[in-house]
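Residue numbers (numbering that gives the first Met the number 0), protein chains in the order written: chain A, 0 to 496; chain D, 0 to 496.
It is possible that some hints are incorrect.
Copies of the same chain look alike in the list, so a pair counts if it fits in one copy or across any two.
[Claimed, not checked] Cross-link-like lysine-lysine pairs, in silico, DSSO-like; alpha carbons within 30 Å at most:
1. Lys63 / Lys446
2. Lys206 / Lys256
3. Lys36 / Lys481
4. Lys401 / Lys36
5. Lys457 / Lys481
6. Lys354 / Lys490
7. Lys63 / Lys260
8. Lys490 / Lys256
9. Lys268 / Lys459
10. Lys354 / Lys206
11. Lys401 / Lys256
12. Lys459 / Lys446
13. Lys354 / Lys282
14. Lys206 / Lys459
15. Lys401 / Lys354
16. Lys282 / Lys459
17. Lys354 / Lys268
18. Lys459 / Lys481
19. Lys401 / Lys206
20. Lys401 / Lys480
21. Lys481 / Lys206
Just so you know, the hints here were simulated from the structure itself, not pulled from any lab data.
Number of protein chains: 2
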Amino acid sequence: MSQTTVDIVIFGGGGDLSLRKLMPALYRAHVNQELDKSIRIIATLRSVSNSADNGRDEFVNRIKQALQKHLQAQEFNPGHWQAFSERLCVVGLDIVDTNKGWPELSALLSLSDNTPLFYFALPPSVYGTACENLAEHNLIHPDARVVLEKPIGYDRESAEQINNKVGEYFPEANIYRIDHYLGKETVQNLMVLRFSNYLFEQLWDSKSIDHVQITLSETVGLEGRAGFYDNAGAVRDMVQNHLLQLLCLVAMEPASKLCAKEIRAEKIKVLNALRPLTGDDIKQNTVRGQYGFGVVSGCEQRGYLDELGNPTSTTETFVAIRAHIDNWRWAGVPFYLRTGKCLQQRYSEIVIQYKPVSHRVFCEDAGELCSNRLVVRLQPDENIQLELMTKDLERTDVHLQKMSLNLNEGSKQPSNIRDAYKRILLDAVRGDSTLFTHRDEVDASWKWLDPMLDYWQKSKDSPVEYSAGTWGPTEADQLLKKDGAIWRNPKNGEQSQ
Amino acid sequence: MSQTTVDIVIFGGGGDLSLRKLMPALYRAHVNQELDKSIRIIATLRSVSNSADNGRDEFVNRIKQALQKHLQAQEFNPGHWQAFSERLCVVGLDIVDTNKGWPELSALLSLSDNTPLFYFALPPSVYGTACENLAEHNLIHPDARVVLEKPIGYDRESAEQINNKVGEYFPEANIYRIDHYLGKETVQNLMVLRFSNYLFEQLWDSKSIDHVQITLSETVGLEGRAGFYDNAGAVRDMVQNHLLQLLCLVAMEPASKLCAKEIRAEKIKVLNALRPLTGDDIKQNTVRGQYGFGVVSGCEQRGYLDELGNPTSTTETFVAIRAHIDNWRWAGVPFYLRTGKCLQQRYSEIVIQYKPVSHRVFCEDAGELCSNRLVVRLQPDENIQLELMTKDLERTDVHLQKMSLNLNEGSKQPSNIRDAYKRILLDAVRGDSTLFTHRDEVDASWKWLDPMLDYWQKSKDSPVEYSAGTWGPTEADQLLKKDGAIWRNPKNGEQSQ
Numbered sequence: 000m001s002q003t004t005v006d007i008v009i010f011g012g013g014g015d016l017s018l019r020k021l022m023p024a025l026y027r028a029h030v031n032q033e034l035d036k037s038i039r040i041i042a043t044l045r046s047v048s049n050s051a052d053n054g055r056d057e058f059v060n061r062i063k064q065a066l067q068k069h070l071q072a073q074e075f076n077p078g079h080w081q082a083f084s085e086r087l088c089v090v091g092l093d094i095v096d097t098n099k100g101w102p103e104l105s106a107l108l109s110l111s112d113n114t115p116l117f118y119f120a121l122p123p124s125v126y127g128t129a130c131e132n133l134a135e136h137n138l139i140h141p142d143a144r145v146v147l148e149k150p151i152g153y154d155r156e157s158a159e160q161i162n163n164k165v166g167e168y169f170p171e172a173n174i175y176r177i178d179h180y181l182g183k184e185t186v187q188n189l190m191v192l193r194f195s196n197y198l199f200e201q202l203w204d205s206k207s208i209d210h211v212q213i214t215l216s217e218t219v220g221l222e223g224r225a226g227f228y229d230n231a232g233a234v235r236d237m238v239q240n241h242l243l244q245l246l247c248l249v250a251m252e253p254a255s256k257l258c259a260k261e262i263r264a265e266k267i268k269v270l271n272a273l274r275p276l277t278g279d280d281i282k283q284n285t286v287r288g289q290y291g292f293g294v295v296s297g298c299e300q301r302g303y304l305d306e307l308g309n310p311t312s313t314t315e316t317f318v319a320i321r322a323h324i325d326n327w328r329w330a331g332v333p334f335y336l337r338t339g340k341c342l343q344q345r346y347s348e349i350v351i352q353y354k355p356v357s358h359r360v361f362c363e364d365a366g367e368l369c370s371n372r373l374v375v376r377l378q379p380d381e382n383i384q385l386e387l388m389t390k391d392l393e394r395t396d397v398h399l400q401k402m403s404l405n406l407n408e409g410s411k412q413p414s415n416i417r418d419a420y421k422r423i424l425l426d427a428v429r430g431d432s433t434l435f436t437h438r439d440e441v442d443a444s445w446k447w448l449d450p451m452l453d454y455w456q457k458s459k460d461s462p463v464e465y466s467a468g469t470w471g472p473t474e475a476d477q478l479l480k481k482d483g484a485i486w487r488n489p490k491n492g493e494q495s496q
Numbered sequence: 000m001s002q003t004t005v006d007i008v009i010f011g012g013g014g015d016l017s018l019r020k021l022m023p024a025l026y027r028a029h030v031n032q033e034l035d036k037s038i039r040i041i042a043t044l045r046s047v048s049n050s051a052d053n054g055r056d057e058f059v060n061r062i063k064q065a066l067q068k069h070l071q072a073q074e075f076n077p078g079h080w081q082a083f084s085e086r087l088c089v090v091g092l093d094i095v096d097t098n099k100g101w102p103e104l105s106a107l108l109s110l111s112d113n114t115p116l117f118y119f120a121l122p123p124s125v126y127g128t129a130c131e132n133l134a135e136h137n138l139i140h141p142d143a144r145v146v147l148e149k150p151i152g153y154d155r156e157s158a159e160q161i162n163n164k165v166g167e168y169f170p171e172a173n174i175y176r177i178d179h180y181l182g183k184e185t186v187q188n189l190m191v192l193r194f195s196n197y198l199f200e201q202l203w204d205s206k207s208i209d210h211v212q213i214t215l216s217e218t219v220g221l222e223g224r225a226g227f228y229d230n231a232g233a234v235r236d237m238v239q240n241h242l243l244q245l246l247c248l249v250a251m252e253p254a255s256k257l258c259a260k261e262i263r264a265e266k267i268k269v270l271n272a273l274r275p276l277t278g279d280d281i282k283q284n285t286v287r288g289q290y291g292f293g294v295v296s297g298c299e300q301r302g303y304l305d306e307l308g309n310p311t312s313t314t315e316t317f318v319a320i321r322a323h324i325d326n327w328r329w330a331g332v333p334f335y336l337r338t339g340k341c342l343q344q345r346y347s348e349i350v351i352q353y354k355p356v357s358h359r360v361f362c363e364d365a366g367e368l369c370s371n372r373l374v375v376r377l378q379p380d381e382n383i384q385l386e387l388m389t390k391d392l393e394r395t396d397v398h399l400q401k402m403s404l405n406l407n408e409g410s411k412q413p414s415n416i417r418d419a420y421k422r423i424l425l426d427a428v429r430g431d432s433t434l435f436t437h438r439d440e441v442d443a444s445w446k447w448l449d450p451m452l453d454y455w456q457k458s459k460d461s462p463v464e465y466s467a468g469t470w471g472p473t474e475a476d477q478l479l480k481k482d483g484a485i486w487r488n489p490k491n492g493e494q495s496q
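So that you can see chain A by itself, here it is in the shape it has in the complex (with noise of 0.2 Å):
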């Protein structure tokens, strides 16, 4: 572990990101006595001047409202905010401008011994230019580190371009790629679960498991984010990350040890066993589709092309993949990964969904016989759910009855604990790179996207229309259903615990 008493820069202080999620998990941490008292947090953001004292305190009274907002009611306390606002630091700073801030930055931090741990809240296109001011003034100490906000790149060329710069300035062993949903208790419980559970892992592999299933469903279309999304869409935006790291979780061999360097490597070796997807297999194993008008929770939704309005915009708001990861372990298990915008409910889950008993022994009376499934929901709450089969005890003959077990069961924690953001941080100032991305996976990543990214930009189908509010189009449904399986859909208003 490297050293804790850090000082936190955001650059980009002002911004969504840092607001919503970046201040309310270091007030979080700061509440729970979890950040050493040394540790200052530097906001930077352009619209401040540093020689007026009155945009610094108009932004700090931004940074309360915010956490007003975002934090849950009996988290705010006037006391405790008393005591964090007394970490903040406001810097009037320009990423671009080399005079402006950069200076002050600098006299800033030299007021402390802390390691800086620059956090990246910026449009990857100023990560160089950032590298570059860092270094002009002599802020990158050998043990800094810099903390980067997916997505890295917009495809495998631009990824490894920034990749490159900021490696120009940082080793890879200081660079802490984040990806929030690494962050989720259940993602880690997950992990362990996996290995320190006979049950679990001597019955995970292709002999036992018919398929996974992982779904990161939004209700949402654009929200404002027209511009970036329309040159993403699903597959850069939740696929190359989220939906890739999870399914890594899921699929990697047993590392000798549990640490940073070890599960890197074993979720690489998922990225590269991953089959390739070319040509025909494309069209054969994906399903892309676009919202079209609909009604989502109540609410009539526009379609995408009129919220966007541009009629002719084939960016994808869905997308359906079946994948094989060809090793020993997975081979003949098909990885369905699904993810949209505008569907039914937002939730994200993976699905292990296990093979049937050998033998049916009991009579046709005694009801169906379901196959074991292990189910972790990770949004809107997290849990991890193990469907199994058991004796219907208010009946007297013997009747199958399927029942879930929350494995999260007992474990009553405050909700703060819950916040991935929180904990990815947290992580960060503790020095321990597990939970982030190293620039090998960014790049198998995206080696195994891009062809298919390649071919529907080049081919002349457009995505498949599904109404908004729907569980996206049946083509997604026919993709599982050739293989004998089904996609687990919340039944609505589900409530999972």
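The hints should help you fit chain D onto chain A, whose structure is shown.
What follows is chain D alone, placed relative to chain A:
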């Protein structure tokens, strides 16, 4: 399924078993509308005169009082009692005197076309005479059934005599040997769990299971059964029937269909595969004990010899056995069996102890890694717990935590459903013999136990004394320690739900 319109004749209707178990079970079945309207309940007892009606009324009143005592408060209801009592017939009858009451019973049965179901709540020594008298009065229709209470016999030879005698009058298919342990819903749920869940059926053998424990622990001493018990001892009273039956259900191969005939065949195969214990093997693999003075549940308890009033008895009140099943599935897996009187807590439990995970991937700080266990609790409450490891979600770092999942959760059935006697009686009424014991099972059990009982009788060793209120002799702990195993003793005051 056979005819379900039967008349239930309870020989020994005034005895403890009838009043404490059978009548409450029948009353519950009646209230639950599980008994056909035509079914009569005919209780025979010696002390009633068939000419005077007051003896009958007095006995019916005793049944009423017994129900009020042994049912739960809200279960007894005057309206239900009124209807239930209309099913009741009382016959003054002497089992061994062919003239006393037998003609009256015959006349009573001839009033209905119902098949008679004879329940022998009698000492096995008069089974033969009872059969003779039934035959003499032409009461054994081709479909007539007989229900026998355990224990059948004192050793292999005496059991064979009893079974032969009853077999002269009833075909084996119409003989229902009761083991009320098998009537527990949880025992049947164990079968459902094994055979309807991939996660269990795949890991139910020597590759996955380290060992199995079956404990039937009592807190009571002789309870006025001194004469019977000193002639029997723990092996005859508990091991020959209950313990070995439970062992069979855990160990049996999956039948092609879960029907009576196939289950019996599989159980017999298990009993025949028990590794014979003879000579020195008995010394190495068994521990027998006899309780001395101690404190049980806060009350002083006299030692067995003192309570019995015979200082020379070598009857065992505790026995622990390490058994092996010499077949493909269970090679090398010890089955530890244990039962005793005056132990610390009353409970019955089957523990399936899985092997440890192949390799620990967690750092040492991450806490203890316990192996998975399936704990099937039969008494005092019924439930099935699955012990898994999870991440302690209240901690940020990866810390392992043991959790118990209740597999009966969500089945909050009324307590009357849990009446094992009701279940078993209704099966006999329906002619479903799945949960009853075939004579070959009785024979195979004695065949395995006879050498042990002989050896003890001939040896000069006395049973080891243990203090009442403990978990039995320390030698029983040593028995497991040799294999690196340890008894699962519930903690004082442990609440399983």
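Checked hints:
1. Within a single copy, Lys63 and Lys446 get their C-alpha atoms no closer than 43 Å, and across copies no closer than 81 Å, so neither meets the 30 Å cut-off.
2. Taking the shortest alpha-carbon separations for Lys206 and Lys256, both the intra-copy value of 25 Å and the inter-copy value of 24 Å come in at or below 30 Å.
3. For the homomeric pair Lys36 and Lys481, neither the shortest alpha-carbon distance inside one copy (58 Å) nor that between copies (53 Å) is at most 30 Å.
4. Taking the shortest Cα distances, Lys401 and Lys36 never come within 30 Å of each other, neither inside one copy (51 Å) nor across copies (34 Å).
5. In this homomeric assembly, Lys457 and Lys481 come within 30 Å of each other (Cα to Cα) only inside a single copy, at 27 Å, whereas the closest approach across copies is 71 Å.
6. When the C-alpha separation of Lys354 and Lys490 is checked against a cutoff of 30 Å, the pair qualifies only within one copy, where the shortest distance is 23 Å, while the shortest distance between copies is 38 Å.
7. Proximity of Lys63 and Lys260 under a CA criterion of 30 Å is satisfied in neither setting, with 38 Å inside one chain copy and 74 Å between copies.
8. For the identical chains of this complex, Lys490 and Lys256 are neighbours neither inside a copy (39 Å) nor across copies (34 Å), given an alpha-carbon limit of 30 Å.
9. Proximity of Lys268 and Lys459 under a CA criterion of 30 Å is satisfied in neither setting, with 34 Å inside one chain copy and 67 Å between copies.
10. Taking identical chains as interchangeable, the C-alpha atoms of Lys354 and Lys206 lie at most 30 Å apart whether they share a chain (8 Å) or sit on different chains (20 Å).
11. For a Cα distance limit of 30 Å, the shortest separation of Lys401 from Lys256 across copies, 20 Å, qualifies, whereas the shortest one inside one copy, 36 Å, does not.
12. Taking CA atoms no more than 30 Å apart as the test, Lys459 paired with Lys446 passes inside one copy only; the shortest distance there is 23 Å, against 80 Å between copies.
13. For a Cα distance limit of 30 Å, the shortest separation of Lys354 from Lys282 inside one copy, 27 Å, qualifies, whereas the shortest one across copies, 45 Å, does not.
14. Taking the closest pair of Cα atoms, Lys206 and Lys459 never come within 30 Å of each other, the shortest separation being 40 Å inside a single copy and 55 Å across copies.
15. In this assembly of identical chains, the alpha carbons of Lys401 and Lys354 lie at most 30 Å apart whether taken from the same copy (15 Å) or from different copies (27 Å).
16. For the homomeric pair Lys282 and Lys459, the shortest alpha-carbon distance inside one copy (12 Å) is at most 30 Å, but the shortest distance between copies (83 Å) is not.
17. Taking the shortest Cα distances, Lys354 and Lys268 sit within 30 Å of each other both inside one copy (25 Å) and across copies (29 Å).
18. In this assembly of identical chains, the alpha carbons of Lys459 and Lys481 lie at most 30 Å apart only when taken from the same copy (25 Å versus 73 Å across copies).
19. Taking the shortest alpha-carbon separations for Lys401 and Lys206, both the intra-copy value of 23 Å and the inter-copy value of 27 Å come in at or below 30 Å.
20. Taking the closest pair of Cα atoms, Lys401 and Lys480 come within 30 Å of each other only inside a single copy of the chain (23 Å); across copies the shortest separation is 39 Å, beyond that limit.
21. Taking the shortest alpha-carbon separations for Lys481 and Lys206, only the intra-copy value of 20 Å comes in at or below 30 Å, while the best inter-copy value is 35 Å.
The structure shown violates the earlier hints numbered 1, 3, 4, 7, 8, 9, 14.
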